[in-house]
Structures are given as structure tokens and as C-alpha cells.
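Top line first, the protein sequences correspond to chains U and V.
Under this note's numbering, the residues of the first sequence are numbered 1 to 85, in order.
Under this note's numbering, the residues of the second sequence are numbered 1001 to 1198, in order.
Simulated from the structure, these hints should not be mistaken for lab results.
It should be emphasised that the depicted structure is a prediction, and the values quoted were computed from it without experimental measurement.
Among the hints, erroneous ones may be present.
[As the list claims (entries may be wrong)] With a straight-line Cα cutoff of 35 Å, these simulated DSBU-like cross-link-like pairs (lysine-lysine) come out:
#	chain 1	residue 1	chain 2	residue 2
1	V	Lys-1070	V	Lys-1184
2	V	Lys-1093	U	Lys-53
3	U	Lys-5	V	Lys-1126
4	V	Lys-1192	V	Lys-1140
5	U	Lys-53	V	Lys-1042
6	V	Lys-1096	V	Lys-1183
7	U	Lys-67	V	Lys-1096
8	V	Lys-1042	V	Lys-1140
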Amino acid sequence: MSELKQELKEKIIEQLNLEDIAIEEIADTDPLFGEGLGLDSIDALELIVMLDKDYGIKLADPKEGRKIFESIDSMADYIAEHRSR
Amino acid sequence: MDKSFQIERFCHIRDNRILLNGETIFETDQTDFSSFIKAAYKTLDVDYSKFFKMDNLSKLAFMSADILLKNETEKNVALVLSNKASSLDTDRKHQKSIADSTNFYPSPSVFVYTLPNICLGEISIKHGLYSENAFFVFDKFNPSALLDYTNSLLHIGGTEKVLCGWVDFDNGKYDAFLYVVAKKGTFAHTTKELIRLY
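The shape of chain V in the complex, shown without the other chains:
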């Protein structure tokens, strides 16, 4: 079952670098995430004004997905993402804004990102996807769980491709590894290969 599908392409965002299929496509000396992702947005010509309204997890997921889906014509692409920190980074921001009852001004634009799967909505809106989606919270990158879920989506037949992977943001630390699984591709869609590519 595992060998029925293949990985078309993959993207990493970590350590101030963005890589597509293992090749660096963007790198900067900017060490903080917001400067890094803003520089990437401008260099990679993303051109989506709503980008700056997103929280950091959504910016990370959106950027990785945009690189992989930029030239994708298939619209039946399911989204299956996962991470460890859920939306904790934004949850803390929201909690801080409601901690003092004498200075109680929660921000609606922060509150809307206090769920990790909101980033799936951002990707779907940009790329016009009305597809299946799921967001899992694991202790660490869990290739076998992602592989089983992705293969079952593709086997059922309602999905042509799956964009899946790991997108984690917490306290300024970030790590994204997203990949597209399809019937034909360049890399085997196996747990072993996912561990190697990650």
C-alpha cells in the first residue's frame, strides 16, 4: 500500500533558509522569524496582502504551501498537516491580553488564530481548495501516521493529491517540512524515505 503513491516535491523552512527539493531557494542573515519571513515574502514574490495579518504559524504554513502549490493546476489537493506546539504561541499572546481584568482588550485578529487548523483555511483560500483537510498534534514528526492517513485519503479516491507534513512554531523557533504526495512523483512515499527527507 505504501508504495502506491509517490512524493512529487518537498519544501523545508528552518534555520533562516527555505529549500525546495533540498536546494536552497532563499537564505538570509535575519535571525528573528518576522524579519526572515518578511524578507522571504518579498524575495519570493508572494504578493498576498492578507499574509501580514496571519499569525506566525499560518505564515510558516502558508509560505511552505505557496512554494509547493505555486504552479499546481490540480485543485483536488487535500491538506494534512501536523505539529507539536499546536497554536500555543498565539494562545499565549491571547492569554496575555486577557490576564489583567483592568486592562482587558483581547484582540479579535489574534483570537481567530488560536486554533492550529486555521492555517489550513489560509492555504485553502489562497489556492481555491475545497478539499479534505486535517491537522494533527503529535509529540514529534510522525511520518507513519501521516503516511497512513494520506494513503487512505488517496485510496478512497476523493483526492488526487495531498499536501502534507510538519509545521511547528513556538517562541520564535520554527520548523516546516511539507511535501506533495501524488500517483506519480520522484521519491517513494514510505516512512523510511520521509524520515530521510525530513
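Here chain U stands alone, though its shape is the one from the complex:
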């Protein structure tokens, strides 16, 4: 699980172009949106594409993302349970 969390942090920084944030600065429990990493609605769509492309998870209802993308912890839990690749 810790490998998956590390992988997610790397992917988020790379795919969302968070140039001024280092992996060490993202705690597993940090909120990804709002006052945490400050991600926006386009980033949320990018994360939905990432789930599909890298882990074979299609979100039928984008509103599900609200809970899944709360933190690295919640993302890793969801991916570990639902991944098909």
C-alpha cells in the first residue's frame, strides 16, 4: 500500500504539473482540494482520467470522486479495492 501511495504522489505531481510541490510535502492524509494541495475542477477531471488509464477504474458517477479524491489515503484505498490493472 505504501508503494501505491508513493506512486500516486508521483503521478499527481507529474500529471497535474505541480512544479513547486515535492513528494515529501504531501502527507497521506492531506486534503487534495481546497486548502490542501489546492487542486481545482480540471484537476479532478484529470484524476478521473488517471484512474481509468492507469488502474482500469471507470467512475460511473463523477460525484463519487468527491470522497475518493479526499486524500492520498482515500485514493489508495479505493484503487486497491477496485483496480483491474
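Fit chain V to the given chain U structure using the hints.
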């Protein structure tokens, strides 16, 4: 009509250099655009985290505008930009991501930049502008068209200043020439002077 307004200041970004009023304010040996603009961002102390999420055209327009508007207190500044390549560089990236139906993963963050006028929104958000804006696509830098449009905006009276010019990016090649037109300035706002400054 042309002589009623003047150019306050102007900025060039081309050939790994940034110039303000003809004076070099940043230069680097970095030859690729992303290394160049990242080095400029750090050196010129831009401090705007959304910068790295922008496409190359928006980075180029944003950087030029930021240099010119950094100390601007007037908020009624219209934006009138133009180029040749429109958003073609980003359009190609998006097209590549949808070309293979078995590997069909278009990126939302690329797609949102598949219009050239998005860069005007980026500038407006950063500088809190709720002003008039327009983006024209010309075959080459077209000073007379920009001059006519800018003067008409200023004559109508709803605009105090206009940030205008040329911002073109395609296949790694970039060229920006932006200038601020106001009632008072240092250079004549004429087609002849624009050609000379460009």
C-alpha cells in the same frame, strides 16, 4: 486619430531573451521553451502556482503581460492579442490523445487550452481584470488592424488602457511583442512606430 494615444511600455520575448522597453531583463542559454520560461519564472519572481498548468501559448502571453502589468494600478485595461498559429500547438497535443480509439484518453487539462483566447482569461484572472478582450488570428503581425481596434476601444471611452500585441507559439518556436497603449506614454501609437518597435 492615431496620434491621440501613446505606447507606455512594451515587452519582447523571443530568442531566449525577455526585453522590457528594448532592454534585456532576462536571458538564458536554455534553448527549449519550457526550460527557458521556467527559468524566467523563477528569476523574475512571478510566484503564481497555476503558471505551470498553462499551455505554452498561455505561458508566453502570461509572462509578457505580467512584466507589463506588474505595477499597473489601472484595472480598466482591455486585452487585444493576436497571432498566426492560434492554439494549434495544443490542438495537436489534444488530437494525438484522441487519434487511437484503443488508447483514447484525452486530457481535460490539455483540452481547455484548445482555444487561443484562453490566455486572455489567464491574464485577466491574475490581474483582476473584468475588461473588454479580443484575440485575432492574422497571417503575420498586423499593426494597422491592432491600432484601429485599440484606438476604437479607447475612443468609445469604456477603456482606460489597452494591453495589445502579438503572441505566437508553434512547434517550440515563440515570439511575443506586447505593449500598453494609454492616453499618455513614451512612444507614438502609430503603425510606423509599431513596425519599428516590433
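Cross-check of the supplied hints:
Between Lys-1070 of chain V and Lys-1184 of chain V, the direct Cα distance comes to roughly 18 Å. Compliance with the 35 Å bound is thereby established for this hinted pair. Straight-line distance between C-alpha atoms of Lys-1093 of chain V and Lys-53 of chain U comes to about 17 Å, which keeps the hinted pair within the 35 Å bound. For a cut-off of 35 Å, the pair hint linking Lys-5 of chain U to Lys-1126 of chain V stands: about 33 Å separates their Cα positions. Between Lys-1192 of chain V and Lys-1140 of chain V the CA atoms are separated by roughly 16 Å; this keeps the pair inside 35 Å, and the hint holds.
Under the criterion of a C-alpha separation no larger than 35 Å, the hint pairing Lys-53 of chain U with Lys-1042 of chain V is consistent with the structure, at around 33 Å. Restraint check for Lys-1096 of chain V and Lys-1183 of chain V: not satisfied, since their Cα atoms lie roughly 46 Å apart, outside the 35 Å limit. Only pairs whose Cα atoms come within 35 Å are accepted, and Lys-67 of chain U paired with Lys-1096 of chain V is accepted, the gap being roughly 32 Å. Restraint check for Lys-1042 of chain V and Lys-1140 of chain V: the C-alpha separation of about 31 Å stays at or below 35 Å, so the hint holds.
Against the hints set out earlier in the document, a violation occurs for number 6 only.
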